[in-house]
Amino acid sequence: MNSSTLTRSHIAWRTAVAVLGGYVFTWGIVAAGVTMLFGAGMAFHDAEHLFYIVGILAFLGAFLAAFAARDLRRTALTLVGGGAALSAGAWLLQQQLV
Amino acid sequence: MFPQLRHTMAWLHTWFGLALGLVLMVVFFFGSLSVFDREIDRWAIPDTRYAPQPMPSFDKMLKPIFESVQPNEVERAAVAGLVDGPLPARFDTPRSWGAYTTHRDPVLALFIGYEVPNAKDHETAVWANRTIDPRTGVALPDDRLKIGSGFF
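Protein chains in written order, with this note's numbering: chain A, 1 to 98; chain B, 1001 to 1152.
No lab work stands behind these hints, which were simulated from the structure alone.
Be careful, since some hints might not be right.
Partial list, derived from the structure: chain B residues whose beta carbon lies under 10 Å from chain A [stated by the list, open to error]: (1) Met1001; (2) Phe1002; (3) Pro1003; (4) Leu1005; (5) Thr1008; (6) Met1009; (7) Trp1011; (8) Leu1012; (9) Trp1015; (10) Phe1016.
Estimated spans, in silico, between C-beta atoms of each pair [claimed, not checked]: (11) A:Arg8 to B:Ser1032: 31 to 37 Å; (12) B:Gly1017 to A:Leu93: 38 to 44 Å; (13) A:Arg70 to B:Ala1019: 21 to 27 Å; (14) B:His1122 to A:Ser9: 56 to 62 Å; (15) A:Leu50 to B:Val1026: 32 to 38 Å; (16) A:Arg8 to B:Ile1147: 36 to 42 Å; (17) B:Asp1092 to A:Ala84: 55 to 61 Å; (18) B:Asn1129 to A:Leu50: 39 to 45 Å.
Since we're looking at a predicted model, the values are computed, not measured.
Cβ atoms here follow ideal geometry from the backbone N, Cα and C, with glycine treated the same way.
Chain A extracted, bound-state conformation (with noise of 0.2 Å):
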């Protein structure tokens, strides 16, 4: 045990970053991966269904490496910010198509 990554605000950080970046994350994933799938020619509901299964993998997926990565400011960076910029990609990629 490492009494430094044990305190009070450490956990809260980390379950903070898990449950909230992993959440950002997710929903770039979603919103990416939807309006790519929409943009390849599948039908806006399979897109939909196919990346709801997608996104409880990938929000897992970052949950748990949020707890297992050694940086959490790393970690909460790439979630955040790989989410924010998914997003943002998707929203750009949405107006080309609609």
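Once you've looked at the hints, dock chain B against the given chain A.
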């Protein structure tokens, strides 16, 4: 979080298992209560602990009660935004009348759906409810039903 992945996952499994398990316990507790919602009604209103009754006479008992029950303030507020102009003080045109009872629930629940004049969508209905003792037609206290079947 710990140098070894196995330690990290064991910690996660322990503490998230405990926390989410507590949430599940609360969910199961209230789920168990909801199974007995009608029995909680009987507990709250001792006067309703009688055998299941046949459906009372429509002409003698139910029709006058159906005609007298009006939507309460909560139901009125639910449709207030769905009409052009103010709501009428009294609703006169019923769209449906319903009466419901079971062997666990010897009281008789009455539902009345009224047409709403000047509704933006012509299918809008406003609902009125009353629960009565089918032997006498007397209304049951609404507040005490709310802790049983009214809550769940």
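Against the structure, the hints come out as follows:
The restraint placing Met1001 (chain B) at the interface with chain A holds, with a minimum CB-CB distance near 5 Å, inside the 10 Å limit. Annotation: Phe1002 (chain B) was flagged as interfacial toward chain A, and the flag holds, the nearest CB pair being 6 Å apart, inside 10 Å. Proximity of Pro1003 (chain B) to chain A holds as hinted, the smallest CB-CB distance being about 7 Å (cut-off 10 Å). The closest approach between the C-beta of Leu1005 (chain B) and any C-beta of chain A is roughly 6 Å, which is under the 10 Å cut-off, so the hint is satisfied.
The restraint placing Thr1008 (chain B) at the interface with chain A holds, with a minimum CB-CB distance near 5 Å, inside the 10 Å limit. The criterion of a C-beta within 10 Å of any C-beta in chain A is met by Met1009 (chain B), whose closest approach is roughly 7 Å, and the hint holds. A cut of 10 Å between beta carbons decides the hint on Trp1011 (chain B): the least distance to chain A is about 8 Å, and the hint holds. A distance limit of 10 Å between C-beta atoms decides the matter here; for Leu1012 (chain B) the minimum to chain A is near 5 Å, and the interface restraint holds.
Because the closest C-beta pair between Trp1015 (chain B) and chain A is about 8 Å apart, less than 10 Å, the hint holds. The interface hint given for Phe1016 (chain B) holds, since its Cβ lies 9 Å from the closest Cβ of chain A, which is under the 10 Å cut-off. Our hint of 31 to 37 Å for Arg8 (chain A) and Ser1032 (chain B) holds, since their Cβ atoms are close to 34 Å apart. With their beta carbons about 40 Å apart, Gly1017 (chain B) and Leu93 (chain A) fall inside the hinted range of 38 to 44 Å.
Take Arg70 (chain A) and Ala1019 (chain B): their Cβ atoms lie about 24 Å apart, and the range 21 to 27 Å holds. The beta-carbon spacing between His1122 (chain B) and Ser9 (chain A), approximately 58 Å, falls within the hinted interval of 56 to 62 Å. Checked against the hint of 32 to 38 Å, the C-beta distance between Leu50 (chain A) and Val1026 (chain B) comes to roughly 34 Å, which is consistent with it. The beta-carbon spacing between Arg8 (chain A) and Ile1147 (chain B), approximately 39 Å, falls within the hinted interval of 36 to 42 Å.
Hint check: Asp1092 (chain B) to Ala84 (chain A), Cβ distance near 56 Å, so the stated range 55 to 61 Å holds. Between Asn1129 (chain B) and Leu50 (chain A), the C-beta spacing of about 43 Å keeps the proposed range 39 to 45 Å intact.
When the structure is compared with the earlier hints, no violation turns up for any of them.
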